[in-house]
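Enquirer: For the record, the sequence lines run as chains V and L.
Okay, so the first sequence: first residue is 1 according to the numbering used here, each after it adds one.
Okay, so the second sequence: first residue is 1 according to the numbering used here, each after it adds one.
Calculated directly from the structure, the hints in this document are not laboratory data.
Each hint should be verified, as a subset may be incorrect.
Any copy, or any two copies together, can satisfy a pair, since identical chains are not distinguished.
In silico DMTMM-like links for lysine to aspartate or glutamate, alpha-carbon gap of 25 Å or less [to be verified]:
1) Lys-102 x Glu-169
2) Lys-177 x Asp-49
3) Lys-217 x Glu-204
4) Lys-61 x Asp-12
5) Lys-177 x Glu-210
6) Lys-61 x Asp-20
7) Lys-155 x Glu-234
8) Lys-102 x Glu-168
9) Lys-7 x Glu-168
10) Lys-155 x Asp-198
11) Lys-276 x Glu-169
12) Lys-155 x Glu-210
13) Lys-217 x Glu-92
14) Lys-177 x Glu-112
15) Lys-177 x Asp-128
16) Lys-177 x Asp-20
The structure presented is a predicted model; accordingly, all values stated were derived computationally and were not measured.
2 protein chains.
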Amino acid sequence: MLIGPGKSLDPDKYFIIVPDQLGNGLSSSPSNAASEQARSHFPVVTNRDNVAAQYRLVTEKFGIGNIALVVGWSMGAQQTLQWAVSHPDRVERIAPFCGTAKTTPHNAVFLEGLRAVLTLDAAWNSGDYDGQPVAGIRAFARVYAGWGFSQPFYKQTLYRQMGFGSLEEFLTGFWEKRFLRRDANNLLSMLGTWQLNDVGATPEFGGSLESALGSIKARALVMAGQTDLYFTPEDIEAEAALIPDARFRVVPSVWGHQAGNGLNAADTQFVDAEIKNLLAS
Amino acid sequence: MLIGPGKSLDPDKYFIIVPDQLGNGLSSSPSNAASEQARSHFPVVTNRDNVAAQYRLVTEKFGIGNIALVVGWSMGAQQTLQWAVSHPDRVERIAPFCGTAKTTPHNAVFLEGLRAVLTLDAAWNSGDYDGQPVAGIRAFARVYAGWGFSQPFYKQTLYRQMGFGSLEEFLTGFWEKRFLRRDANNLLSMLGTWQLNDVGATPEFGGSLESALGSIKARALVMAGQTDLYFTPEDIEAEAALIPDARFRVVPSVWGHQAGNGLNAADTQFVDAEIKNLLAS
Numbered sequence: 001m002l003i004g005p006g007k008s009l010d011p012d013k014y015f016i017i018v019p020d021q022l023g024n025g026l027s028s029s030p031s032n033a034a035s036e037q038a039r040s041h042f043p044v045v046t047n048r049d050n051v052a053a054q055y056r057l058v059t060e061k062f063g064i065g066n067i068a069l070v071v072g073w074s075m076g077a078q079q080t081l082q083w084a085v086s087h088p089d090r091v092e093r094i095a096p097f098c099g100t101a102k103t104t105p106h107n108a109v110f111l112e113g114l115r116a117v118l119t120l121d122a123a124w125n126s127g128d129y130d131g132q133p134v135a136g137i138r139a140f141a142r143v144y145a146g147w148g149f150s151q152p153f154y155k156q157t158l159y160r161q162m163g164f165g166s167l168e169e170f171l172t173g174f175w176e177k178r179f180l181r182r183d184a185n186n187l188l189s190m191l192g193t194w195q196l197n198d199v200g201a202t203p204e205f206g207g208s209l210e211s212a213l214g215s216i217k218a219r220a221l222v223m224a225g226q227t228d229l230y231f232t233p234e235d236i237e238a239e240a241a242l243i244p245d246a247r248f249r250v251v252p253s254v255w256g257h258q259a260g261n262g263l264n265a266a267d268t269q270f271v272d273a274e275i276k277n278l279l280a281s
Numbered sequence: 001m002l003i004g005p006g007k008s009l010d011p012d013k014y015f016i017i018v019p020d021q022l023g024n025g026l027s028s029s030p031s032n033a034a035s036e037q038a039r040s041h042f043p044v045v046t047n048r049d050n051v052a053a054q055y056r057l058v059t060e061k062f063g064i065g066n067i068a069l070v071v072g073w074s075m076g077a078q079q080t081l082q083w084a085v086s087h088p089d090r091v092e093r094i095a096p097f098c099g100t101a102k103t104t105p106h107n108a109v110f111l112e113g114l115r116a117v118l119t120l121d122a123a124w125n126s127g128d129y130d131g132q133p134v135a136g137i138r139a140f141a142r143v144y145a146g147w148g149f150s151q152p153f154y155k156q157t158l159y160r161q162m163g164f165g166s167l168e169e170f171l172t173g174f175w176e177k178r179f180l181r182r183d184a185n186n187l188l189s190m191l192g193t194w195q196l197n198d199v200g201a202t203p204e205f206g207g208s209l210e211s212a213l214g215s216i217k218a219r220a221l222v223m224a225g226q227t228d229l230y231f232t233p234e235d236i237e238a239e240a241a242l243i244p245d246a247r248f249r250v251v252p253s254v255w256g257h258q259a260g261n262g263l264n265a266a267d268t269q270f271v272d273a274e275i276k277n278l279l280a281s
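Using the sequences and the hints, build the whole thing.
Expert: So this is what it looks like as structure tokens:
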């Protein structure tokens, strides 16, 4: 949504790297790991692990010294903040949006609900399934649906703009489809990464979110979706206030958490324009 | 929480009737119905059905003509609004709080998620279970937990005020306990009533929420919890604006939907004082 000629992440101007996160199905994941680490045996992954792997990719594979911008949405925002904390002298700018540096207790409850649903399906079988636990993934998707967009998004039937004729079609054609192409153990692995998300847990900060965010040297553009139900503007603004050189912006949108996901042109233009400003600074 | 000497609903001043709603386990419910209507064979129940039964209780059993006040929280608020629409000449005042006259699309999505979870448990067995589907009810409770209180409630660890030492204790000791004493078919029956909630579906209003709310003759005090995630202040305020003689008030609280449930003294005092004012008018 942000990559392309004339967009903020313009390949004619920048060398752009888009790594898949651990557990997401392309990078090492429960679904593709060697047998002793496959499926339910996949190790617990933190965002520090993700950033450690990405750091090696950037420095060892590409030989890059400084990074003009680290940017990401949602769990990508988590990794962006971890980058700025782990490598303060490498990262010139960051633009995390719709994500936090530490998973909030309410967000953890939301994730706990998702975990309870997926693991409830008998077909899940403690992760040693033959076929995917389809019913569990469908229920997971339906629970997620209430969190992923805002109350006014549903009231205004904005899913019609996405081509869905009814609420049920949207639940099936967007939400269930979105998760049915995933592997259940991969979903659970990423839930675990999300639950553990906390830049303050970076060893040198001894558990202090304040110290970790206060150590960031990058110029930061921190954005939140106005109606995001699990990465709330209030939570994100409170964290942004702990970053020395941060500009906090709210995407004026009723698309909830999905305001940052490229589904709505106005939201995407807002995010794109803000990142252009950041890159020009 | 509101009934007692010196409180708004003072038994020394008023004759107070507290009916259990259909499906809730005391009134006729899947768990206690005669065999041909028991369990999954229990008929679909609407709030109009609830109010029709309550109307007969009030008029035929007690011979009461006019009602000074109909009051209720959550699904009780739904029934309160249905009372005012179905019997405009019987009801002098209403005080619905933390509930709507018509279930919103987002609220329906939340309920759809809950239904998907409970019916996912193999032990549910399409409603013909021997023992309760305990794992399904636990997962149901964990999903509900994210919706029932607000994001800042969890951030401020206000569950400690309720005697729970940790988030996990709260999920288990409050949420799971709250639903494990319920019958699964009863829960599903009430979910169905909630999903169908719409005063506009009262036959003489032909589906028009506006006409139904516009017909209310009672003096109305309509309250919302400031941080309620599924009966939002915005949704409730929009409905209150359609009631001719309505006062809209927001309970200033981070207790989410539970602001109306008597768990927090400040919220309860706010609601109680407002109802006292209404009764004095």
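Enquirer: Next step is simple, just say for each hint if it's right about the structure.
Expert: Do the hints match the structure? See the list:
1. For the homomeric pair Lys-102 and Glu-169, the shortest alpha-carbon distance between copies (21 Å) is at most 25 Å, but the shortest distance inside one copy (34 Å) is not.
2. For a Cα distance limit of 25 Å, the shortest separation of Lys-177 from Asp-49 qualifies neither inside one copy, at 29 Å, nor across copies, at 37 Å.
3. Taking the shortest alpha-carbon separations for Lys-217 and Glu-204, only the intra-copy value of 16 Å comes in at or below 25 Å, while the best inter-copy value is 66 Å.
4. Proximity of Lys-61 to Asp-12 under the C-alpha cut-off of 25 Å is restricted to the intra-copy arrangement: shortest distance 21 Å within a copy versus 81 Å between copies.
5. Taking identical chains as interchangeable, the C-alpha atoms of Lys-177 and Glu-210 are never at most 25 Å apart, the minima being 39 Å within one chain and 36 Å between chains.
6. In the homo-oligomer, the alpha carbons of Lys-61 and Asp-20 lie at most 25 Å apart inside one protomer (16 Å), although the nearest pairing across protomers, at 68 Å, exceeds that limit.
7. Both within a single protomer and between protomers do Lys-155 and Glu-234 lie at most 25 Å apart by alpha-carbon distance, with minima of 23 Å and 11 Å respectively.
8. Taking the shortest alpha-carbon separations for Lys-102 and Glu-168, only the inter-copy value of 18 Å comes in at or below 25 Å, while the best intra-copy value is 34 Å.
9. In the homo-oligomer, the alpha carbons of Lys-7 and Glu-168 never lie at most 25 Å apart, since the shortest distance is 35 Å inside one protomer and 45 Å across protomers.
10. Taking the shortest alpha-carbon separations for Lys-155 and Asp-198, only the inter-copy value of 15 Å comes in at or below 25 Å, while the best intra-copy value is 34 Å.
11. Taking CA atoms no more than 25 Å apart as the test, Lys-276 paired with Glu-169 passes in neither setting, with 36 Å inside one copy and 46 Å between copies.
12. Proximity of Lys-155 to Glu-210 under the C-alpha cut-off of 25 Å is restricted to the inter-copy arrangement: shortest distance 16 Å between copies versus 38 Å within a copy.
13. Taking the closest pair of Cα atoms, Lys-217 and Glu-92 come within 25 Å of each other only inside a single copy of the chain (8 Å); across copies the shortest separation is 64 Å, beyond that limit.
14. When the C-alpha separation of Lys-177 and Glu-112 is checked against a cutoff of 25 Å, the pair qualifies both within a copy, at 22 Å, and between copies, at 17 Å.
15. For the identical chains of this complex, Lys-177 and Asp-128 are intra-copy neighbours only, at 22 Å inside a copy versus 30 Å across copies, given an alpha-carbon limit of 25 Å.
16. For the identical chains of this complex, Lys-177 and Asp-20 are intra-copy neighbours only, at 20 Å inside a copy versus 40 Å across copies, given an alpha-carbon limit of 25 Å.
Checked against the numbered hints listed earlier, the structure breaks hints 2, 5, 9, 11; every other hint is satisfied.
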